[in-house]
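As they're listed, the protein sequences go chains A and E. Counting in this note's numbering, the first sequence runs from 1 upward without gaps. Counting in this note's numbering, the second sequence runs from 1 upward without gaps.
Any given hint could be a false lead.
Partial pick of chain E residues on the chain A-facing surface, computed with a CB cut under 10 Å [what the hints assert, rightly or not]:
id : residue
1  : W127
2  : W195
3  : P319
4  : A322
5  : G323
6  : T324
7  : L326
8  : A334
9  : I355
10 : A358
11 : S367
12 : A368
13 : V491
14 : G492
Here are the simulated distance ranges between beta carbons [unchecked claim]:
id : chain 1 : residue 1 : chain 2 : residue 2 : range
15 : A       : F211      : E       : G329      : 28 to 38 Å
16 : A       : A325      : E       : G114      : 41 to 51 Å
17 : A       : S167      : E       : E351      : 31 to 41 Å
18 : A       : A325      : E       : L113      : 49 to 59 Å
19 : A       : V321      : E       : L113      : 37 to 47 Å
20 : A       : F112      : E       : L354      : 45 to 55 Å
21 : A       : A325      : E       : L105      : 34 to 44 Å
22 : A       : Y311      : E       : L354      : 28 to 38 Å
23 : A       : Y311      : E       : R124      : 50 to 60 Å
24 : A       : F146      : E       : R373      : 54 to 64 Å
25 : E       : E351      : A       : G57       : 34 to 44 Å
26 : A       : F146      : E       : L354      : 50 to 60 Å
27 : A       : L336      : E       : G372      : 29 to 39 Å
28 : A       : L143      : E       : T324      : 50 to 60 Å
Because the hints were derived from the structure by calculation, they are not lab data. Glycine residues also receive a C-beta, built at the ideal position from the N, C-alpha and C atoms.
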Amino acid sequence: MESAVDRQEPLAPGSGSTPPAQPRRLWQMPWAQAAEKWALPALFVVMVLIFAGTASGFWTGENIRVVIGTQAPLVILSVAAMMPLVVGQFDLSVAAIAGIAGIALVTAISRFHTSLGVGILIALVISALIGLFNGVMVSFVNLNAFIVTLGVSTVLQGVAQGYTGGSVLAGVNINALETSLSGNVDGIPKGVFWFAPVAIVMWYVIEQTPFGRHLRSIGSNAGAARLLGIPTRGLTLSTFVMSGVLGGLAGVALVAQSGSADPSVTLGTDLLPALAAAFLGASAFFPGLFNVPGTVLAIFFVAFLVDGLQYLGAQPWTSPVIDGAVLVGAVTVSSLLRRDRARQ
Amino acid sequence: MSQPRGEALEIVGASKHYGPTRALRDVSFPVRHGSIHALLGGNGSGKSTLIKILAGVVRAEPGGLVARTIAGRRIETALTDLTPSASRDLGFRFVHQDVPIFPGLSITENLALGSKFERGALGRIRWRRQHARARRVLRQFGIDVSPREPVFRLPPAARTLLAIVRALQDQADPSESVLVLDEPTATLPRGDVAWLLSSLRGLADQGQTILWVSHRLDEVCQAADDITVLRDGAHVGTMPLGNAATADLAELIVGRPVPRVGSSGVQEQAPVVLEVRGLAAGAIDGVDLTVNQGEIVGLVGITGSGRSSLLRGIYGALPRRAGTVLVEGTELRAGHIPTARSRGVRFLPEERRLIGFAGMSVAMNASAPDVGRYWRGYLDRRAERRAGQDLIRQFGVRAPSADAALNSLSGGNQQKVLVGAAIRSEPSVLLIDEPTQGVDVGARADIHAHIKRAVGGRGCAVVVSSDLEEVVDLCDRVLILAGGRIVTQLVGEEITELAIASQMEQGSRSALPDLPDALEMRMG
Numbered sequence: 001m002e003s004a005v006d007r008q009e010p011l012a013p014g015s016g017s018t019p020p021a022q023p024r025r026l027w028q029m030p031w032a033q034a035a036e037k038w039a040l041p042a043l044f045v046v047m048v049l050i051f052a053g054t055a056s057g058f059w060t061g062e063n064i065r066v067v068i069g070t071q072a073p074l075v076i077l078s079v080a081a082m083m084p085l086v087v088g089q090f091d092l093s094v095a096a097i098a099g100i101a102g103i104a105l106v107t108a109i110s111r112f113h114t115s116l117g118v119g120i121l122i123a124l125v126i127s128a129l130i131g132l133f134n135g136v137m138v139s140f141v142n143l144n145a146f147i148v149t150l151g152v153s154t155v156l157q158g159v160a161q162g163y164t165g166g167s168v169l170a171g172v173n174i175n176a177l178e179t180s181l182s183g184n185v186d187g188i189p190k191g192v193f194w195f196a197p198v199a200i201v202m203w204y205v206i207e208q209t210p211f212g213r214h215l216r217s218i219g220s221n222a223g224a225a226r227l228l229g230i231p232t233r234g235l236t237l238s239t240f241v242m243s244g245v246l247g248g249l250a251g252v253a254l255v256a257q258s259g260s261a262d263p264s265v266t267l268g269t270d271l272l273p274a275l276a277a278a279f280l281g282a283s284a285f286f287p288g289l290f291n292v293p294g295t296v297l298a299i300f301f302v303a304f305l306v307d308g309l310q311y312l313g314a315q316p317w318t319s320p321v322i323d324g325a326v327l328v329g330a331v332t333v334s335s336l337l338r339r340d341r342a343r344q
Numbered sequence: 001m002s003q004p005r006g007e008a009l010e011i012v013g014a015s016k017h018y019g020p021t022r023a024l025r026d027v028s029f030p031v032r033h034g035s036i037h038a039l040l041g042g043n044g045s046g047k048s049t050l051i052k053i054l055a056g057v058v059r060a061e062p063g064g065l066v067a068r069t070i071a072g073r074r075i076e077t078a079l080t081d082l083t084p085s086a087s088r089d090l091g092f093r094f095v096h097q098d099v100p101i102f103p104g105l106s107i108t109e110n111l112a113l114g115s116k117f118e119r120g121a122l123g124r125i126r127w128r129r130q131h132a133r134a135r136r137v138l139r140q141f142g143i144d145v146s147p148r149e150p151v152f153r154l155p156p157a158a159r160t161l162l163a164i165v166r167a168l169q170d171q172a173d174p175s176e177s178v179l180v181l182d183e184p185t186a187t188l189p190r191g192d193v194a195w196l197l198s199s200l201r202g203l204a205d206q207g208q209t210i211l212w213v214s215h216r217l218d219e220v221c222q223a224a225d226d227i228t229v230l231r232d233g234a235h236v237g238t239m240p241l242g243n244a245a246t247a248d249l250a251e252l253i254v255g256r257p258v259p260r261v262g263s264s265g266v267q268e269q270a271p272v273v274l275e276v277r278g279l280a281a282g283a284i285d286g287v288d289l290t291v292n293q294g295e296i297v298g299l300v301g302i303t304g305s306g307r308s309s310l311l312r313g314i315y316g317a318l319p320r321r322a323g324t325v326l327v328e329g330t331e332l333r334a335g336h337i338p339t340a341r342s343r344g345v346r347f348l349p350e351e352r353r354l355i356g357f358a359g360m361s362v363a364m365n366a367s368a369p370d371v372g373r374y375w376r377g378y379l380d381r382r383a384e385r386r387a388g389q390d391l392i393r394q395f396g397v398r399a400p401s402a403d404a405a406l407n408s409l410s411g412g413n414q415q416k417v418l419v420g421a422a423i424r425s426e427p428s429v430l431l432i433d434e435p436t437q438g439v440d441v442g443a444r445a446d447i448h449a450h451i452k453r454a455v456g457g458r459g460c461a462v463v464v465s466s467d468l469e470e471v472v473d474l475c476d477r478v479l480i481l482a483g484g485r486i487v488t489q490l491v492g493e494e495i496t497e498l499a500i501a502s503q504m505e506q507g508s509r510s511a512l513p514d515l516p517d518a519l520e521m522r523m524g
C-alpha cells in the first residue's frame, strides 16, 4: 500500500475522498449565521428608532441618560449571574447576595463606624464567602447547583428579614457613594462608570484569557475538559466566587442608587431580569454562548423596551411580563438556533 | 444436548446489494429446531444485513424466501414481504448488543414494558397481578429472583438474560419462536459470559431455536450446535460444530489457513520513551510495557480485555492501583492528567464525544489542548483561526470555515478535527483508542500517515484498535491483551491479521475466569 508518508510532497488537502475545504472570510459567512449574530443589535436599533418616532419624550438626552444610568446595578448583577452559566451551572442566589451585601455595607458604616472603603470591602468579602460556599457545595460535594443556590438564597432572605425586621436600613455617611452613581459627567451617566469597568474586565477574563476559554470548555463538555487536564472543579468553584463578589458589588451599587439597604432585595425580584439578560445575551455576538457584550446589550434592550412602552402609556406591571417573556423567548430562540445548526 | 427435530427455519436465496456493493449473494441455509446456531463472519461479511432482512428493517431483493416450521407446519414467506410486524408474526424475536433495559425500574416493570400492563379501574396498574405474572415468567425460564428487584441490582449477564426473557415472555411454547441474538456477549465481563451461555443452552434444551451472531470464536466453540459461515456476502458453509477449534473457524471465516507464530524479542536500538511497570488500573492488572522512540505499538484484545484501561491508566484518566509510568525517564504522578500532558502525553478516547466541544468552533476545538500558546496578554484569535484553517487543510476536513461550530460538521469530519488537534501538538506519547473509527477510507490513510509522522520525530504511539487491518498497516509491534494482562507480543513480519486473530482467541480463552460467586448468589 502506498501510504501518504512515502510521498515526498506535503499532504494534498483532502487527498482522500473529500474535496478541499476553502476557509471563508467573515464577509463570506453564510448570511443566516451573520443574521443570528447581529439580530439582537439590529432589533435594538429598530426598536429605539420606532420609540423615537412614536413616543414623545422618549428620544431626549435626559431620558436616554436616566435609562442607561439606572441600569448599573442590574448590569453588574446579570454579569454575576452569567459567570456560573458559562460553566453550565446556575446561581439563583446572586440577588440575595446583593441584598446581604447592601445590608452589610450600611451596617458596617452606621453601627461599626467603619470608613466607606472598609464597609465596601466587608460587603464584598461576605459575598465572596457565600459564593465560595455555593461553589464548594456544587463542585466538591457534587450537589445540584439549582438546589444549593436556591437554598442559600432562601436562608439569606430569612437572615435579612431577621436582622432588619423587614424595614429599610437608611444609609449614614454614604454621600460619597451616592454621588458616585447619580448624575452625569460630561454628559455620560455616572452609572456607566460603574458597570463599564465590570463588563470590560469580565469580557476580558472570559474572551481573552486561557482561563476564560477553559470555563467555556467546561460549559461545553465537562468530561472532555477533564480529559484535557483542565481543573474543572476548581474553575467551577471560581465562577461561584466571582458570581458572589459581583453580586455583592451589585448590592453596593443598589445602596449607592437608593441611599439605603432594602432587605426586600434578597427576595430576588432582580434575579429573573438578570438571568433573562444572560440568556437573551447568549443569542447575540457569540450565538449559543453566554457572553458579556450580549448580556449588557440585553439589559438595555429590555430597559428601553419597558421605558418606551411606558411612554406609550403601558402600566408598570408590564415590566415583569416583559422580563418573563424575554427569558422564555430567548431560551426558545437560542435553543432552536442551536438545534438548527447541529442538523446541518 | 438437545435432540433436534427437523428444521425450525430455512433461509433460501437471500440477496441484497447497497449500490455497487453486494452485501449478500444468494445465501441459503437451514436452522435446526432447538439448536444454537452460530452465524459467523468478519466485518462486511453480510451477517448484520441478513439479520436486518429477517427483522424486516432492510428489504431483500426479490426471489428469496424464508420458511418457518411452527408446530409441524411449514410456512413460506417471500423475503420481500418481511416487515417488522410480519417478522414478529413469524416468531422472530431479536435481542441486540445494547440491551434496552431500564436499570432504575424493577424486573416486573421491565417485563411489562415489553408486553403489557395489567390494568384496573381508572387505568391503574394492578401491581399484585403484574408481579405474579412476572414471577410466572421468571419461573418458566428457571430464574430464581424476586420480580420486585430493581434491575440495576442484577449483574450484567442477568440483564441480558432479562432482555431475552422479555422478548420470549409471550409465547406459550418454545417452538413458536426463533430467538436472534446479535453479539449478546460483546459488552459482558468474561465471567458472566459462561453463565449466560449455560442459560442459552438451557433454553435450547427446552426446544428454543437460537440464531446467534458472534465474533467470539471461543464462545462459539463452547456453546454452538451448528455454525453458518458467511464471507464477503457469500455462504461459505453450514455444518455441525463437531470438534472444530477456534483456529478452524478462523480459517473458515478468513478463507486462508492461519499460520503459527511465536513472540520474539523487542527492537531496542532506539531510546525508550514510555516505560510502564506493573501498572494496575481499571481492568488492567499488572502490565509491563516499554515503547521506544519512533515506535507504534498496537494493543488488541476483546472488549473487557483492558486495552482501553491501559491507555487511560497511562494517561492518568483512571486512578492507578499499583505500578509506575515513566515518560523519557520522568515518573508521572498517578491519576494526574496535567503532569502527563506536561510531559507531552496526549490521549484520544474511543468515544469522540468525550473530547469534543460541540458548540465551540473548529478553531477553538483545535486549540483546546493548549490554548495558552495563543495568549499574549490577550487571546490571539487570528493566530488561533489560522491554526484551525491549517488543520482543516492538512486533514482534509470538510468545514465551511474554522469558525464553524464543531457540531455543524459530520461525524467523520469532527473526528478528523479531534485527531488532528491531538496529533499536531507533537506528542511524546500518543495514546489513541480507535484512531479511524467512522472516518472514510481516504481520511483513514491520511490519519495513519499523520500518526506515523507524529511519531517520526522523538515520539511514540500506543494504538488500540479492533480493526485488525489497521493494526497491521500501522503498528511495529502488537500486544495481545486478555484478562487485564499482556499475553502475547507480535513483532514485524509476524504481524498479520490471521496471527492477531488467532492469538486473540487463544488469549481470551486462557484468561477465562471462573463464574463469580456473586452471580450465583444473586441468581440462584
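Review point. Against the structure shown, which of the earlier numbered hints fail to hold, in ascending order?
Key: Violated: hints 1, 2, 3, 4, 5, 6, 7, 8, 13, 14, 17, 18, 22, 24, 25, 26, 28.
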